[in-house]
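**Q** Using the sequences and the hints, build the whole thing.
So the sequence shown is residues 1 to 483, counted in my numbering.
Some hints here could point you the wrong way.
[Unchecked claim] In silico DSSO-like pairs for lysine-lysine, Cα to Cα no more than 30 Å straight-line:
#: 1; residue 1: K431; residue 2: K256
#: 2; residue 1: K329; residue 2: K409
#: 3; residue 1: K84; residue 2: K169
#: 4; residue 1: K358; residue 2: K327
#: 5; residue 1: K136; residue 2: K227
#: 6; residue 1: K64; residue 2: K84
#: 7; residue 1: K227; residue 2: K90
#: 8; residue 1: K256; residue 2: K415
#: 9; residue 1: K418; residue 2: K256
#: 10; residue 1: K136; residue 2: K84
#: 11; residue 1: K118; residue 2: K84
#: 12; residue 1: K415; residue 2: K431
#: 13; residue 1: K140; residue 2: K169
#: 14; residue 1: K84; residue 2: K70
#: 15; residue 1: K329; residue 2: K343
#: 16; residue 1: K227; residue 2: K70
#: 17; residue 1: K136; residue 2: K70
#: 18; residue 1: K256; residue 2: K129
Derived from the structure by calculation, the hints contain no laboratory data.
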Amino acid sequence: MKQKILIGIFVVIMCFIVLIPNQSLAVVSTHEYTIQSYNINMIVNENNTFDITETITAYFNVPKHGIYRKIPLKNSITRLDGTKSNNRVKISNISVNENYNTSNERGYKVIKIGNSNKTFTGSHTYTIKYTYNIGKDPLKNADELYFNLIGDQWDTTINRVYFTIKMPKSFDKSTLGFSSGDVGSTDSYNVIYNVNENIITGYTINTINPGQALTVRLTLPENYFVKGSSNIDIFPIFVIILCAIFVLIADRLWAKYGKDEQVVETVEFYPPEGYNSAEVGFLYEGSANTESVISLLIYLANAGYLKIEETEEQGLFKKSKGFRITKIKEYDGNNECERIFFKGLFECSSARKIDISKAEKIMQEAKKQGEEISFEDVLEMSADNYDNINSVTTSDLYDNFYTTLNKIKSKINSKENKNKIFESSASGKGKYLILMIIAIFILITVKPVIEYGEDESLIFALLFPRNRLSYIDRKSYRFNKSA
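**A** See the structure below:
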């Protein structure tokens, strides 16, 4: 009986020994790659900068182009006493033993390592070097070393971490501590470390899972770190100051040139002497529109050049009212717009007879001479002289007279005429506002686009500002997929 019990216990122990490794292998196999060892050599300088060398040995279970390393650009600290602080970080002197490129992505410096034309399976080692400038120490009565040796950005398991931290001066090792695990964890059971003078060495005994971190905490005496930089990004401050200056300039330009003096309107029963109705509309509105130009019909009739009669025309189903304009005498004034209007009334193509044979000869002659001539010019040259037409109706002017109206509007609304009613000193100041807007747009576009890596994307973002953010998101997606 005792022998059977011993055999049963032995079987259970053997099953436990066999199943545990298999379970571990099952976890590993769920990842496309794992990190077998992660060796960190960190030199802490007196100005609170860290020279870091990371040697990462990865094992690829499937063919991969490489890995990417995400380094936070903000050092966020939550201390054991509950206090918090955030340091802006600068990363420089990046070098890798493989092909790589860098970009900024949502608060991280991303180092993409690998070759798009080459894939790896099995074990491969990467060496990454960089300087991590954490800036001035935020504590008032003490200094500290608070740093994630392993951040929570990795998407795979790390079997073993080895670290060496060389401090610039001596320190109280009783204030040294490590934590490992999920974010916010203070457990230190996974870390074995040793202090020899100013050098801290150690390693982890258990696997670090995806999303977990390894943190070192060391409280130091005040002024342990000296000459730390502020790490303030000058560029946004420059842009804000420049925007404020541009706003002040725009305000002064508006106050001096754009703000009209208040005018007391008076009732006038007659137009200004020497101006026709279209010109009065231009003076009042600042531009001549179709209605003000059409008013020349009444103006010329009132001047004795035209007679306007109401008519009744038979339509397909019912009669409709129209009008007939009759020439009383030829225009003999000296106003160019009035002359164009008067002439245009009686040279409408539907009211003038076109000599087809004459039109063909004009086109053939122009072809022989190698000259280009428009269809409108052919009709004009082959039509009866408008002097032979004494009256026109609504149907004669329909779909024809608009060309005359447009010609008059263009003439009245010319830049030369507008300069006569607007102050030239004010009309030219708008270009300065446009230049300031363009300058601000370029400033807020160039830096973010350059930080995302691709030079050709700068032109794309400048030409299509609405697509800038979606482009950056697509770039980040392609980056994640390719690694």
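**Q** Against the structure, test the hints numbered earlier, and report the numbers of the ones violated in rising order.
**A** Violated: hints 6, 11, 18.
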